[in-house]
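Given next are the chains, with one letter for each unit.
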Amino acid sequence: MTAMLNIKDLRAYYGQVQALHGLEFALNQGSVTTLLGANGAGKTTTLRAICNMVRSTGAIEFDGASLTGRSTENIVRLGIAHVPQGRGTFTTMTVEENLQLGAITRKDKAGVVSDIERMYDHFPVLKERHTQQAGTLSGGEQQMLAVARALMLRPRLMLLDEPSFGLAPLIVRDLFKILGKINREDRVTILVVEQNAQLALELADKAYVIETGRIVMSGSAAEIANNEDVRKSYLGY
Amino acid sequence: MSAVQEVVTEAPAVEAVPKRAMTLGYGASMVMLVLLIMAPVFVKNFIIFQLTMLLIYALAVLALNILTGGSGQFSLGQSAFYAVGAYTSAILMEHAGMNYALTLPVAGVVCFGFGFLFGQPALRLSGVYLALATFALATAMPQLLKLGYFEHWTGGVQGLVVTKPDAPFGLPMSQDMWLYYFTLAVTIAIYIFSVNLLKSRSGRAFMAIRDNEIAASAMGIDVALYKTLAFGVSAGITGVAGGLGAIAVQFVAPDGYTITLAISLFLGMVVGGVGWLPGSIVGSAFIIFVPNIAEGISKGLSGAVFGVLLFLVIFLVPHGARQVAIVAQQLIGKLKRN
Amino acid sequence: MELFTNQILAGIATGAIYACMALAVVMIYQAIDHLNFAQGEMAMFSTFVCWQLMQWGVPYWGAFLITLVFSFAGGIAIERLLFKPLAKAPILTNVAGFIALYAIINSVAGLIWDFTIKQFPTPFGSSPFLGSQLISTHQAGMIGVTLMLLLLLFFFFRFTRMGLAMRAAASLPESARLVGINTSWMIALGWGMAAAIGAIAGMLIAPVVFLEPNMMLGVLIYGFAAAVLGGLTSPLGAVVGGFLVGIFENLVGTYIPGVGNELKLPIALALIVTVLVVKPAGLFGRPIVKRV
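Quick mapping for you: the protein sequence lines, in order, are chains A, B and C. The numbering used here puts the first residue of the first sequence at 1, with every later residue one more than the last. The numbering used here puts the first residue of the second sequence at 238, with every later residue one more than the last. The numbering used here puts the first residue of the third sequence at 576, with every later residue one more than the last.
It should be emphasised that the hints constitute simulated quantities derived from the structure, not laboratory data. The hints are all genuine.
As a list, the in silico DSSO-like pairs of lysine-lysine whose alpha-carbon atoms are at most 30 Å apart:
1. B:Lys436 - C:Lys663
2. C:Lys839 - C:Lys854
3. C:Lys663 - B:Lys571
4. A:Lys107 - C:Lys659
5. B:Lys401 - B:Lys281
6. B:Lys536 - C:Lys693
7. A:Lys107 - A:Lys127
8. A:Lys127 - A:Lys181
9. A:Lys177 - A:Lys127
10. A:Lys109 - A:Lys127
11. B:Lys573 - B:Lys436
12. A:Lys232 - A:Lys177
What follows is a set of in silico ranges between Cβ atoms, one per label pair, in the way DEER data are often shown:
13. A:Lys107 - B:Thr497: 50 to 56 Å
14. A:Thr136 - B:Gln357: 34 to 40 Å
15. C:Thr580 - B:Leu384: 28 to 34 Å
16. C:Gln694 - B:Ala452: 55 to 61 Å
17. C:Leu686 - A:Arg55: 43 to 49 Å
18. B:Tyr263 - A:Arg55: 32 to 38 Å
19. C:Leu578 - B:Lys436: 55 to 61 Å
20. A:Gly86 - C:Leu727: 32 to 38 Å
21. C:Leu686 - B:Leu384: 35 to 41 Å
22. B:Lys436 - C:Ile641: 56 to 62 Å
Per the computed footprint, the stretches of chain B lying under chain C, defined by three or more beta-carbons under 8 Å from a beta-carbon of chain C, are:
23. 531-545
24. 552-563
Predicted model only: the values in this text are computed from it and were never measured. Built from N, CA and C at the ideal position, the CB exists for glycine as well.
Just need the whole structure built from these sequences, with the hints factored in.
See the structure below:
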């Protein structure tokens with residue numbers, strides 16, 4: 001299996017403060033990988049570094065192409081969709097406009113129209129509200145909108161930053177089911193950063209644990225889930 | 238359909254200058270002081286006059302620094318307070334025969350009141366809205382000064398002539414030199430006052446408001462009080478500067494206090510480094526001397542040359558003179574270690 | 576009562592000037608979240624360019640179109656060369672940049688074309704409009720063009736991809752980048768469009784206030800006031816604001832005793848500021864909720 005995303009010696013900085021200390025990992029095409037860790041461990045920073053939203057050094061390769069030095073929008077155009085923390089919904093625009101924005105770099109009008117319909121199939125609640133201002137949607141609905149918007153790019157890789165944040169457990173369960181479906185049917189590689197370790201480990205194939213900017217554990221999701229330390233620190237039992 | 242409210246998490250419009258960095262180090266301050274005291278001894282009267290104006294505008298820029306760099310409120314209206322201070326001094330000196338030195342505290346208090354009052358409606362405005370409101374004040378002031386109602390006091394369009402004071406106690410110095418030292422003393426006093434103000438509880442309240450008004454009020458800071466206080470103090474200092482200006486220039490007239498002055502003071506603040514009190518004198522030097530330099534380079538295009546020079550400055554040092562000082566500090570630090 | 580109605584109508588006529596300028600102001604505000612003090616000067620310079628083209632024999636509409644293209648390109652060039660480098664600098668430094676730009680353009684225009692007043696033609700003629708004594712055909716033309724611009728902008732932002740992208744870039748730049756929008760170019764485009772709209776405003780206003788380098792200052796201030804009154808995020812608000820400002824100005828001049836031309840400006844501004852104190856986001860502006 002080819003490594004779709006290859007990260008070597010990634011160091012990231014917020015001003016003078018170093019947040020990541022030489023991260024290394026790889027994602028295989030078609031896999032679901034989860035990055036676990038406590039608050040402030042560096043999970044969000046990792047995703048931001050991939051999209052060049054934070055100052056960093058190191059080598060990041062996507063499908064063999066180096067991402068260093070490219071602007072965020074150019075990285076996105078290569079096929080990487082990023083659902084940021086807080087969702088980043090365009091609250092003053094309608095649901096449908098948000099979806100159109102997800103596809104704004106695409107040239108195939110017909111494809112965009114049919115993809116919007118597919119999003120409404122994945123997320124029926126969005127269809128109900130498609131002329132509503134996105135800011136009036138509930139948290140869970142906005143999260144679905146954010147994921148749908150990311151999918152409108154027809155990405156090869158999707159980065160999700162704490163999609164479960166602030167959402168009721170049932171909604172989160174639904175969301176993760178849909179993510180699994182997307183991974184299998186649309187063959188989108190997924191990297192999901194989560195504090196909700198349990199659900200993330202159920203969805204993922206592979207897992208990494210980050211602590212203070214370093215990877216301290218890696219393995220298959222099942223291994224990590226059964227690991228005693230992980231269970232105590234992140235799963236609560 | 239309910240009104241959709243945009244949730245904004247934005248960086249503060251005025252960047253925070255850490256409290257420690259708001260003043261010069263002890264050594265640099267001493268050097269500056271010595272220079273300022275010695276300067277007039279070696280130069281002609283006209284230059285002394287220019288140095289006096291340098292200090293006066295530095296005071297006005299300092300006042301703006303307290304308001305904008307300290308409490309985060311934009312003002313394009315400082316020329317109005319300057320004018321009120323100038324006219325207060327002039328009227329008291331020429332119509333009431335008051336001693337020039339005594340007119341300054343009066344000017345300061347009058348302008349403090351004026352600024353405090355203006356700060357009230359300004360409470361609900363911020364950013365561009367406040368800029369517009371202060372701009373309105375600045376454009377109104379020359380017109381108000383020309384109004385027929387006040388002509389008996391203000392001298393209308395012609396303005397008033399102000400008598401320049403002699404050195405007291407028969408001291409052997411020219412009027413210009415005495416005025417310079419007098420101004421210097423006032424400036425130093427106000428500078429020390431300002432530094433202490435910003436280090437005090439009130440100063441911390443100002444800066445908390447500048448950085449995040451909502452958080453400040455959630456912490457129990459009386460935002461309304463401190464914002465209007467900042468306006469008041471800033472106006473008061475500007476008023477004192479105006480009074481000194483009236484005495485130095487020897488007359489007051491409405492067209493001397495237009496929006497151009499307000500814009501110049503704003504530029505002085507930016508060039509000096511917003512919120513960096515010592516930078517006020519650098520900013521003042523810029524607004525006094527650079528227009529003359531520009532005119533010297535090209536009479537027909539003096540405005541364009543000025544604009545180009547301004548651009549050069551902001552490209553090289555977008556954070557103003559403070560940036561230069563920081564770099565200098567780092568270099569000195571490196572030299573010390575070697 | 577008739578005087579009152581007449582003053583209102585006259586106010587709407589002059590207000591069309593401010594409405595047009597206000598559209599340019601809102602355009603730039605959408606792109607850069609700030610007011611550009613040099614916009615009036617850019618509009619003035621464009622108008623002079625048009626005048627110069629006509630002096631060289633180019634017919635009105637030809638000169639008009641060339642000027643539009645020139646202004647659009649000029650706006651983009653100014654942004655790329657002078658303000659992109661300042662993108663990371665503090666806002667106040669950018670404002671100093673606008674002031675510097677003002678000084679440069681004003682001075683250069685004065686040098687090239689000097690400060691004597693020049694006539695600028697109107698394509699609408701200046702006969703009374705529909706027989707009314709108050710509105711000339713030119714003023715009616717101004718109102719018409721402003722409304723048409725408003726409609727065009729509305730369609731642009733609501734129904735085109737570029738318009739959607741620009742709205743997104745202005746609203747949430749980081750999210751916009753995450754969908755692949757080059758937010759930096761959106762800003763440049765905003766400048767170009769604002770410059771072109773400003774040029775139209777200048778070319779409409781010049782026949783009324785006569786062409787000279789300082790013609791736009793008062794107009795720009797009223798334009799700002801109108802845009803702010805309308806709520807800086809709304810083109811419709813800008814146009815309504817413009818008409819209201821025109822009306823205010825006229826009523827103040829007519830009904831408040833002792834108010835000559837010089838006091839009209841500060842009083843009009845004061846009235847607008849009063850409105851803002853009551854409604855801080857302007858008449859049509861969206862109330863902004865700030866999170867700590």
